[in-house]
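From the two separate chains plus the hints, produce the assembled complex.
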Amino acid sequence: MWNIIERAKSISGCGISGIIHKKGKLISGEVIIKSICCQEERGNGLGAGYAAYGIYSDRKDYYALHVMADDKTALEKVEELLSHKTFLIYQEPIPTRKVKTIKNPPLFKRYFVKPKFEGELAEICDELAEDDYIVNLVMEINEKIEGAYVISSGKNMGVFKGVGFPDEIAEFFRIDEYSAYIWTAHNRFPTNTPGWWGGAHPFTILDWSIVHNGEISSYGTNKRYLELFGYKCTLLTDTEVVAYILDLLIRKHGLPLKVACKVMAPPFWMEIDEMPEEEKELLTALRVIYGGAMLNGPFAILFAYNGGLVGLNDRVKLRPLCAAEKGDVVYMASEEAAIRIVCPDPDRVWAPKAGEPVIAEMEPGSIPNQKSYLKGRTREVEDNGIGIRCRYTPLFTG
Amino acid sequence: MALELDVATLHYSQVNRKLREEIEKGTKEFKLIGVNGHRYLSAGISADIKIDIYGTPGLDLGAFMRGPEIHVYGNTQDGAGNTMDDGKIIIHGMAGDVIGYAMRGGKIHVYSDVGYRVGIHMKAYMDKIPVIVIGGKAGDFLGEYMAGGIIILLGMFSQYPERPIAGLFLGTGMHGGVIYIRGKIKESQLGAGLKPYALDSEDEKTIEKHLKDYCKDFNLDISEILKEDFIKVIPYTHRPYGKLYAY
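So the sequences go chain by chain: A and B.
Our numbering applies: residue 2 is where the first sequence begins, and numbers increase by one.
Our numbering applies: residue 80 is where the second sequence begins, and numbers increase by one.
Just so you know, the hints here were simulated from the structure itself, not pulled from any lab data.
A quick note: this is a predicted structure, and the numbers were derived from the prediction, not measured.
Heads up, a few of these hints could be off.
[Said to hold, decoys possible] SDA-like mimics (lysine to any residue), calculated; alpha carbons at most 25 Å apart, straight line:
# : chain 1 : residue 1 : chain 2 : residue 2
1 : B       : K311      : B       : I264
2 : A       : K145      : A       : G196
3 : B       : K129      : B       : D296
4 : A       : K259      : B       : Q238
5 : B       : K263      : A       : P268
6 : B       : K311      : A       : V317
7 : A       : K281      : B       : E241
[To be verified] Distance windows between CB atoms, simulated:
#  : chain 1 : residue 1 : chain 2 : residue 2 : range
8  : A       : N193      : B       : K295      : 45 to 53 Å
9  : A       : M271      : B       : D206      : 33 to 41 Å
10 : A       : K327      : B       : E303      : 29 to 37 Å
11 : A       : T97       : B       : K295      : 52 to 60 Å
12 : A       : P195      : B       : K284      : 55 to 63 Å
13 : B       : E266      : A       : A130      : 47 to 55 Å
14 : B       : F297      : A       : K281      : 37 to 45 Å
15 : B       : E303      : A       : D177      : 49 to 57 Å
[Unchecked claim] The following residues of chain B were derived to be distant from chain A, with all beta-carbon distances above 12 Å:
#  : residue
16 : K110
17 : R145
18 : I208
19 : G227
20 : K295
21 : E303
22 : R318
Quick reminder that beta carbons are idealized off the backbone N, C-alpha and C, glycines included.
Only chain B is shown next, with the shape it has when bound in the complex (with noise of 0.2 Å):
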């Protein structure tokens, strides 16, 4: 049975204090209700726990954390997911710029769209992989100086008909990683020196493993997302920039 606790009179440290106390005392899932702007909830939290967030939470959602699960019934502002290391944030609703920055670890699944400079910095070492699915449309410098992890834009379910699946300067300085693409973007929008490439096998199994959790969490059907084809984008060199100082 989760901890139901209403935040709405409540400063976000106050929530946060109120969180790791719980967790302290072994409450392993949370249901918050009333959030509206509170920043940093679960930032920094090593634990197995399980938190339901009704409401729109603030900047920095789950921020260096290291495993929780966030559920999100509303949409997210900027930041959600700086820097995480390990766990997972599910946003059923939109999200906003700069999510994923520098994640180094676990799972963003958002139903909806992004903004801009999502997945930036984005990086893997090991077995630590990062990934981000996107299952609506994404603003411009997605992925933008990624080092690793993977992002997988879907454009499907957004309420901009009249934007493009993606902005410009995708991939801008990548260096690692790959970004996943449903359909097909102008190589206009992308960075420097990128080019879009077919799946290989291996690229295959890859979506079909992180897009079941997807459909998983949406209760969508993977059979629709896959009728399309989708392309890659992978950096082209390991140091895009290692020329640019050295005349």
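Isolated chain A (complex conformation) (with noise of 0.2 Å):
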């Protein structure tokens, strides 16, 4: 790695990377420090992050909750509100290291938790439920609490994310200690939002994790939107929303992830206007009917679930976005060096097209509770008497 001798700069453009490997074998975190430090000259040190699935197979199970606090109070009602909608198996400090140049960082905690059901809802323990009961207890957190975020929520994952180079914030969390089938990290160059530890990327809600170069200037339409279904945006950054967008439209609605795809990045009219007749239905339908999720503006993303990678860019390219893959291990990042530094020798690097998805699932049963969404779900419609009620399959599970 370069020996970076001058920091004091304002060339900029947010970084990301993003590793799976797709039998489920664990990579060193290290691995994935040295891909987001290559691309160093893409932040200014306001904000990076990682995240890292397959940390907590111990706990794998319960949703591991990463908070984040201004003091101990925060902590404390936080800690009040889970003791009485939740099973808390267990919790401690997220270790840190010092790191000079990180000055007065929050506190960090995590808790592993499973949802209390009262009354009648108790009998229930699909996943769709217990998800949903997870995301409005995030959201109550985040809105309700004062100086205190759940950074992360999903089941045996989790991120690490503040104010800082990546390198810095890869020495506080001590990334390097820790193992996982998938990695995401981000540099940031904040642009229009401010750059504090809660606006720090990835941006998650349960097992999802985004990171984004760009902007999305939809922000207004997109918060909107997802407030019409319980979303509350409050960590003041544009990428928010594609994290609750992701989990609406994939895991709410049941949209397979391609389709999901070209919701936020939809072809032009002009190329709908010259597609089949079936795909032209198809795109028309979802311009129409999910309009308020389309993301408009500059992106590269990367996001994760248990089970799956994906890279996703506008759909004119106005982010890079470069991917690879060597064996079993697929790698995306906005520069190809990014890949290059960790993997010199790839099977293969391409340059994924404008608003098609690159998606790297892994081999079905590699990993506890894996996910896919390649296909969409199917509805079971039941009549339970009083009315039609639709009920959603559980998802498919390794």
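What follows is the structure in structure tokens.
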């Protein structure tokens, strides 16, 4: 790696990097650190972060809540809420190291929980209901407890992020000590929104995590649309909406991954006009129904979930994205160099097309609680005697 | 004998400083190894030198440069040849987005594919005519707002059999220069008001001249390339947006 000699500069563009092992083998944190730090120049020290999947295999069936808090009082309030609303089996401070350049960091704790349903609902134990419960809990903490934010809430995964360069944040959160089967990382150059700890990437909900280079100029529209479904945008950064859009479209509405990507980065009407009839109908319907979930503005994003890593560009590729694969490992990053520094001789390197997702899912049965979103979810319609009620069948699990 | 420098552990500013020091001393040929993501290599250098690069140079390779001949044995990232004035960049792999942005002279030869927005804002003046030859395929916005110069797109040495030779919005807002394309493209891919034309004898001479040079760089047989007909895209007016704001 380079010896960085000058940090005072104002050249920019966020940097992103992601790695997945398609058979679920664990990859050392040192690999992702090396990759994102190769794109050092793309950030300005005002934010960096990492998402790691497969790091809590001992408690893989519990939602791991990573909580960031301004002070002890805020943490106590979170803990009080958790004691009422969840079965909490384990909690601990997130281990950190002292880093000279990181002054006055917030407090970080992690809690491993299961939902505590009340009354009739206690009978329900399907995954969708549990996930919904956790989403609501996260929204409640983020919105109502001052100075406390849940920065990740998925099973067997966690997010570590803050204000600093990627090497500093890695040092602070001891990223080198973790191993994961999916990693994403971000190096931030905030443009329109503040560079604060909660505003660093990745953004998450449940096991969705997202890192983003660009600007989402449709933030206002997306935020208002998401609020209709109960999502609360509290983190003061445009990227937050993408995490909730993914959750809504794919987990809640059961859209196949590729279709959800076409909602976020739809083709131009002139392209739709030239499509075969069936495709034209689908793409038109998506633009009409999900107009509020379309992402406008330049973006290159990487998002991950328990089982996959996806790269996506805006429809005219206004931000860079490069992909490569070697054996069972798939790499995606802003710059080819960020891949080559950890994989000098990939089997294939390519430049993804604008608006076309690069999807790397694990082979079925690779990891616990594995999800696949390649296919849409089928719906069961039940007549419960009072009226028609839709109930989703559980997600595919490997 | 080329001066060999292993730059793997150096920051790009250190590499460029070293290059400039050596040029001052009279060194004419360089071989850079361990290049990976180093930005701005050879940027702004005015000298007749030759640099062989092994690895993946970073953004804005050869930006603003006047004179150097750079051979890249690998791929380049975005912005290679940004506003370059003279010299040559020969890329033996593929190239990223925005290659030859606002280029005003010299040549860029890419063996394989290029990304989006290649050759946008290219310009020409008198005998300074920039040329980009692309052996593979190109993304959207090729030659957007082009004001001068020549782009030749072959579509032959591509790793993307499923993609069309060029993307959408080709030559949008073009008001000078010419884009030659081997084979055919759909008119709907062209920017508003543009049409493909057949070549005249002058065009054929121009293409042959530049392809000879291209083939020499990559050891290719020009007769293979010329087996297929080319079309050309030229601006339909000198001021495509002249009336845009004049209601």
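Hint by hint, here is what the structure shows:
no.	hint	verdict
1	B/K311 <-> B/I264	10 Å, holds
2	A/K145 <-> A/G196	22 Å, holds
3	B/K129 <-> B/D296	14 Å, holds
4	A/K259 <-> B/Q238	23 Å, holds
5	B/K263 <-> A/P268	23 Å, holds
6	B/K311 <-> A/V317	24 Å, holds
7	A/K281 <-> B/E241	20 Å, holds
8	A/N193 <-> B/K295: 45 to 53 Å	49 Å, holds
9	A/M271 <-> B/D206: 33 to 41 Å	39 Å, holds
10	A/K327 <-> B/E303: 29 to 37 Å	32 Å, holds
11	A/T97 <-> B/K295: 52 to 60 Å	58 Å, holds
12	A/P195 <-> B/K284: 55 to 63 Å	59 Å, holds
13	B/E266 <-> A/A130: 47 to 55 Å	53 Å, holds
14	B/F297 <-> A/K281: 37 to 45 Å	41 Å, holds
15	B/E303 <-> A/D177: 49 to 57 Å	52 Å, holds
16	K110	18 Å, holds
17	R145	22 Å, holds
18	I208	28 Å, holds
19	G227	24 Å, holds
20	K295	26 Å, holds
21	E303	25 Å, holds
22	R318	24 Å, holds
When each numbered hint is compared with the structure, no violation occurs for any of them.
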